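Chains as they are written, first to last, in the numbering used here: chain A, 144 to 444; chain B, 144 to 472; chain C, 2 to 326.
A few chain B positions that, by computed beta-carbon distances, are all more than 12 Å from chain A:
# : residue
1 : T205
2 : S327
3 : R441
Ranges between beta-carbon positions, derived for each pair:
# : chain 1 : residue 1 : chain 2 : residue 2 : range
4 : C       : F256      : B       : T210      : 48 to 58 Å
5 : B       : P263      : C       : M25       : 47 to 57 Å
6 : A       : W298      : B       : G220      : 40 to 50 Å
7 : A       : I414      : C       : F256      : 27 to 37 Å
8 : C       : D136      : A       : V192      : 39 to 49 Å
If you are wondering where the hints come from, they were derived from the structure by calculation, not from laboratory data. Treat the numbers as computed from the prediction; the structure is a model and nothing was measured. All C-beta atoms, glycine included, are put in the ideal place defined by N, C-alpha and C.
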Amino acid sequence: MVISAPADTPRRRAPSSGVVGIFLSRPMRVVGLIILVLYLFMAILGPVVFPPSVALVANPAKIYQGPTWADPLGTDFQGVSVLAEIVLGARGVLMVGVGAAFLIVIIGVGMGLMAGFTGGFVDAVLMRITDVFIAIPQFPLLLLVATILNASSPWLIILMLSLTSWGGLARAVRSLTLSLRERDFVEAARGLRLGTRLITTRVILPNMLSYVAMNFMVSITGAIYAEVGLLFLGITPFTPDNWGVMLHEADGVSGALYTSSSILYVLSPMIAILLLQAGIIFVLGALDEVFNPRLRTGATR
Amino acid sequence: MLACNDVVKQFAIRRTWGSRQVTVVNRVSVSVEASHVLCIVGESGCGKTTLGKVLAGLLAPTLGSVTVDGTLLYHPGNKAWEREALKIQLIHQDPFSTLNPVHTVREELSLPLLHHQIVPKSLVGEECEHLLTRTGLDPKVVIDKYPHELSGGQRQRVVLARALSVRPRYIVADEAVSMVDVSSRLIMLDLFLEIAQKERIGLVFITHDFGLARYVALEGTIAVMYLGRVVEFGGTETVIHQPRHPYTKVLLSSIPPLQAGDDFKIDKVYPRSFDVPSLELLPPGCVFEPRCPYAFDRCQSALPVLSTVVHEPGHQVACYLEDEETAVV
Amino acid sequence: MNTLRRFGVALIMIWMVVTLTFFMIRLMPGNPIFDAYQTLLQQGVPSQQALVQIHILYDVYPNQSVVVQYLLYMWHLLHGNFGTSVVYTGRPVLPIILAAAPWTLLLVSIGLTISFFIGLLLGVLIALHRNTWFDNLMSQLASIFHGIPNYITGFVFLYFFTVILNWFPFGNIYNPAIHPGFSYGFVASVAYHSVLPIAAYVFGAFGTWTLSTKSAAMAVLGDDFTMADRIRGLTSEQQLEHLVHNSVLPLFTGFVLSLGIMFGGAVFIEETFSIPGLGYLVATSTAQRDYPVMQGVFLVLAGAVIVANFLADTLYSRIDPRIRV
Numbered sequence: 144m145v146i147s148a149p150a151d152t153p154r155r156r157a158p159s160s161g162v163v164g165i166f167l168s169r170p171m172r173v174v175g176l177i178i179l180v181l182y183l184f185m186a187i188l189g190p191v192v193f194p195p196s197v198a199l200v201a202n203p204a205k206i207y208q209g210p211t212w213a214d215p216l217g218t219d220f221q222g223v224s225v226l227a228e229i230v231l232g233a234r235g236v237l238m239v240g241v242g243a244a245f246l247i248v249i250i251g252v253g254m255g256l257m258a259g260f261t262g263g264f265v266d267a268v269l270m271r272i273t274d275v276f277i278a279i280p281q282f283p284l285l286l287l288v289a290t291i292l293n294a295s296s297p298w299l300i301i302l303m304l305s306l307t308s309w310g311g312l313a314r315a316v317r318s319l320t321l322s323l324r325e326r327d328f329v330e331a332a333r334g335l336r337l338g339t340r341l342i343t344t345r346v347i348l349p350n351m352l353s354y355v356a357m358n359f360m361v362s363i364t365g366a367i368y369a370e371v372g373l374l375f376l377g378i379t380p381f382t383p384d385n386w387g388v389m390l391h392e393a394d395g396v397s398g399a400l401y402t403s404s405s406i407l408y409v410l411s412p413m414i415a416i417l418l419l420q421a422g423i424i425f426v427l428g429a430l431d432e433v434f435n436p437r438l439r440t441g442a443t444r
Numbered sequence: 144m145l146a147c148n149d150v151v152k153q154f155a156i157r158r159t160w161g162s163r164q165v166t167v168v169n170r171v172s173v174s175v176e177a178s179h180v181l182c183i184v185g186e187s188g189c190g191k192t193t194l195g196k197v198l199a200g201l202l203a204p205t206l207g208s209v210t211v212d213g214t215l216l217y218h219p220g221n222k223a224w225e226r227e228a229l230k231i232q233l234i235h236q237d238p239f240s241t242l243n244p245v246h247t248v249r250e251e252l253s254l255p256l257l258h259h260q261i262v263p264k265s266l267v268g269e270e271c272e273h274l275l276t277r278t279g280l281d282p283k284v285v286i287d288k289y290p291h292e293l294s295g296g297q298r299q300r301v302v303l304a305r306a307l308s309v310r311p312r313y314i315v316a317d318e319a320v321s322m323v324d325v326s327s328r329l330i331m332l333d334l335f336l337e338i339a340q341k342e343r344i345g346l347v348f349i350t351h352d353f354g355l356a357r358y359v360a361l362e363g364t365i366a367v368m369y370l371g372r373v374v375e376f377g378g379t380e381t382v383i384h385q386p387r388h389p390y391t392k393v394l395l396s397s398i399p400p401l402q403a404g405d406d407f408k409i410d411k412v413y414p415r416s417f418d419v420p421s422l423e424l425l426p427p428g429c430v431f432e433p434r435c436p437y438a439f440d441r442c443q444s445a446l447p448v449l450s451t452v453v454h455e456p457g458h459q460v461a462c463y464l465e466d467e468e469t470a471v472v
Numbered sequence: 002m003n004t005l006r007r008f009g010v011a012l013i014m015i016w017m018v019v020t021l022t023f024f025m026i027r028l029m030p031g032n033p034i035f036d037a038y039q040t041l042l043q044q045g046v047p048s049q050q051a052l053v054q055i056h057i058l059y060d061v062y063p064n065q066s067v068v069v070q071y072l073l074y075m076w077h078l079l080h081g082n083f084g085t086s087v088v089y090t091g092r093p094v095l096p097i098i099l100a101a102a103p104w105t106l107l108l109v110s111i112g113l114t115i116s117f118f119i120g121l122l123l124g125v126l127i128a129l130h131r132n133t134w135f136d137n138l139m140s141q142l143a144s145i146f147h148g149i150p151n152y153i154t155g156f157v158f159l160y161f162f163t164v165i166l167n168w169f170p171f172g173n174i175y176n177p178a179i180h181p182g183f184s185y186g187f188v189a190s191v192a193y194h195s196v197l198p199i200a201a202y203v204f205g206a207f208g209t210w211t212l213s214t215k216s217a218a219m220a221v222l223g224d225d226f227t228m229a230d231r232i233r234g235l236t237s238e239q240q241l242e243h244l245v246h247n248s249v250l251p252l253f254t255g256f257v258l259s260l261g262i263m264f265g266g267a268v269f270i271e272e273t274f275s276i277p278g279l280g281y282l283v284a285t286s287t288a289q290r291d292y293p294v295m296q297g298v299f300l301v302l303a304g305a306v307i308v309a310n311f312l313a314d315t316l317y318s319r320i321d322p323r324i325r326v
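The shape of chain A in the complex, shown without the other chains (with noise of 0.2 Å):
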């Protein structure tokens, strides 16, 4: 039986430890964390190790291969290596949703915030334009808008893709503002005169970042599966070198879907993005605990 250690004991870490504890205090989180770091470095070193000009011409004489040690993944259609083809992917497909997720946030946190804190008429027209945003089927007007634009740079894309979906969190930004607002803590800072800014910046703000947090990292999967989605359905311009394509081209033309050879390469785009989310829901709660100091010494008042 374990015993629990006295009420008064510090079970504070030492602060040097802090953040790096947090991500280590359980195994999920730890393979969560190497997940995320591996595709960093796809993103980043990716055409370093497979350049583009060598890794992703076609070799009709290695269609369709199994698994080899050149060719860990096989290869698809066009006697092109899979894993070439995942690595090369990870960096556009990343940027996209890092980006578009960064945009949500700033869009649906200000929204939230203003309308919640200023109340009154501001609050009524914005939330009304919000509601019209989250009333619209999100994915349905992402592709007459991509389909309109026809966009074919990241940053359209980008841009698209924060503008379909920033009301949901708005909303919830809105309705937390408007808890925290009654809150004693807020009055003694009104007390203290220190100004609509600094009160919502440095007061409101600090005590929904772990919420916010998180949905910055379940946003990125979100803006990622629309990316691809669209890519899927042939809407955006190919980019050579995305998930989308290859799911859309073992849809379509590489008649992937006439032979069980084609398993591995059918198979490998979902899993690289699979394995992306399942690194983000590992992750989530250590950033709850990092953002939230009462969580992070585990004590209660």
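Could you slot chains B and C onto chain A? The hints should help.
Quick look at chains B and C alone, frame taken from chain A:
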């Protein structure tokens, strides 16, 4: 001087059909000078917390005015008064909820210091430590801690230090020691009084406890509130030893004696009923009439106004018994 | 009173969506109508004839002012005229949409219902066994499944069960050899073809329901009255009933809100399984740049979601008296 003049505060209460106004503070005028103490005593729901917020510049009154050292607060359209209102600091009842859970003590104290440029940027750290030392805390122990890592007494001291950081001239303390452990309450009170005296700060002390009120405002004044109105006002000793309003007498009678014969030297008075009327459905006459053991016909018809007791300048009571007694004498 | 206000808000939202799409399509760079007009002119078609052709195709004259175009468009919409398809020349948009809608409605509603009940069951079970290995495992699994995009589940199902195992038919919603009608053969064929797409919907959505039921049930378990139940000595069955009753309510609006997400998923699932529903229509009309059809389907989808929200809000406020402020 911090003063409010004929202050009325109403809140809208939503009902199925429309909303109705409830008057929480009704025509109250009180004031406190620098380095003096005013105690506001009353049961929960009497409007004392609302009055405290109005006095602290945090809640605009529906009618009436609040002035601090001659400056009118709540000037519509012109925000300049907020600068003056910094002179008044409110200390909440619950020190835990009034500290930001994600700020360390250092962040909590340096935010107002930096924003109002009270000390040069390079001296902010030093000033934080100085403020903590002044409120009886060891800066080395508490300065990098979060609120949940502090004890109740430490939290209240940090709150006091934060209030002192902006150099207030007046402090409104709303039940400021009720959440502190009983054993350290008196130490906390003494700290309040000592700092207030040293810094020549005017103190508005809001409490439901006459014992505390007497201790805090020994040389100050007491205002007794009931259902949004001040029913008795006067010097502390006068109100406690020669209470005139039946409600004050009821409150004083309810203090348990520490040992036999240690009672306040007044006759025990008990109310006729223990049910406090709802603010939404006040009696037509004197608000205390339904519970008052001395009530008579006149009390049911109209509200008595606060007026000075004969031969006792500075002592005000809102009760028809006064007129009757004067008539008898 | 409130119902009337909500109805008004819903109408205004539909109007905003209509207006938004109208101006998006007509004012963006690369305006398809103006492009088509320019192309005709470049091909040497006289401008008068080009105008007439454009008018037949898109129901507008490109040289009219945007305001006039907008008013005409609204007028036609109010009369159920969604314009005519560009690809299937001359076919009005509305019948195309109406022919596709039943398939989507069928698959989405069955998929949504099944996943809702699976999620409800799992969520309550997790909440009742908090902080056990079951909770840990199922919560992690649910959050991973919660985010899997429909195109992945759909594609994996298609690949394994039709390409590799050859258990289910490839594409379409019924065997084209069977004449459509309420015959046993036709219904059986539809059911056979629906298994995989419905499974894909369920797989994509049950994680979401599990997680939200779990958090709703946890909130209820924390409430005092469940504690009171335990003190009163209610049986675990009675407790469960109480729990479900109190946590289902908050999920109700979520159920309706998820319709929008489901319609988004329909695009992928119907495209993957080649089911001639609304999602497929969106995908093909987008690929063919058939703007009138795209816009029509989009309006129908958005309108359906807004109306569903309105109904949910109205019902919800009737079930839970606290909402009626």
